[in-house]
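Trainee: Sequence:
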Amino acid sequence: MIAGSQEEAPTAIKELLEAPDPETVWEWLKLDQKREVIRTVVNVHLHKASRRGVRGIEPGRIRLTFIGEPGF
Numbered sequence: 649m650i651a652g653s654q655e656e657a658p659t660a661i662k663e664l665l666e667a668p669d670p671e672t673v674w675e676w677l678k679l680d681q682k683r684e685v686i687r688t689v690v691n692v693h694l695h696k697a698s699r700r701g702v703r704g705i706e707p708g709r710i711r712l713t714f715i716g717e718p719g720f
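So the sequence shown is numbered by our numbering: it starts at 649 and just counts up by one.
Source of the hints: derived by calculation from the structure; they are not laboratory data. Hints should not be assumed to be uniformly reliable.
Straight-line distance between alpha carbons at most 16 Å, and here's what the computed EDC-like set of lysine to aspartate or glutamate pairs gives [as the list claims (entries may be wrong)]:
| # | residue 1 | residue 2 |
| --- | --- | --- |
| 1 | Lys-662 | Glu-675 |
| 2 | Lys-696 | Glu-706 |
| 3 | Lys-682 | Glu-663 |
| 4 | Lys-682 | Glu-671 |
Beta-carbon label-pair distances, calculated as ranges [stated by the list, open to error]:
| # | residue 1 | residue 2 | range |
| --- | --- | --- | --- |
| 5 | Asp-669 | Thr-713 | 19 to 29 Å |
| 6 | Trp-676 | Phe-714 | 16 to 26 Å |
| 7 | Glu-666 | Glu-706 | 30 to 40 Å |
| 8 | Ile-715 | Val-673 | 11 to 21 Å |
| 9 | Pro-670 | Thr-713 | 18 to 28 Å |
Glycine included, every Cβ here is placed at the ideal spot set by N, Cα and C.
I would like the entire structure built from these sequences, with the hints used as guidance.
Mentor: Here is the structure:
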């Protein structure tokens, strides 16, 4: 289980946590497995644009919180 969650951790996360070399496991994961891991451990908060019509990404608008941090 992840940080007290009652849900079962995705298999890919279990593999990463149990691996002696998680980086190698990450390289071999399929794209959908990597996405599942990221969705499980990261929240992405996108705040409103500073003005209408902004097309580029404003780094200050994006806030990431990770599992175990306040706001997750």
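Trainee: Kindly indicate which numbered hints from before are broken by the structure, ordering the numbers from low to high.
Mentor: No numbers; nothing is violated.
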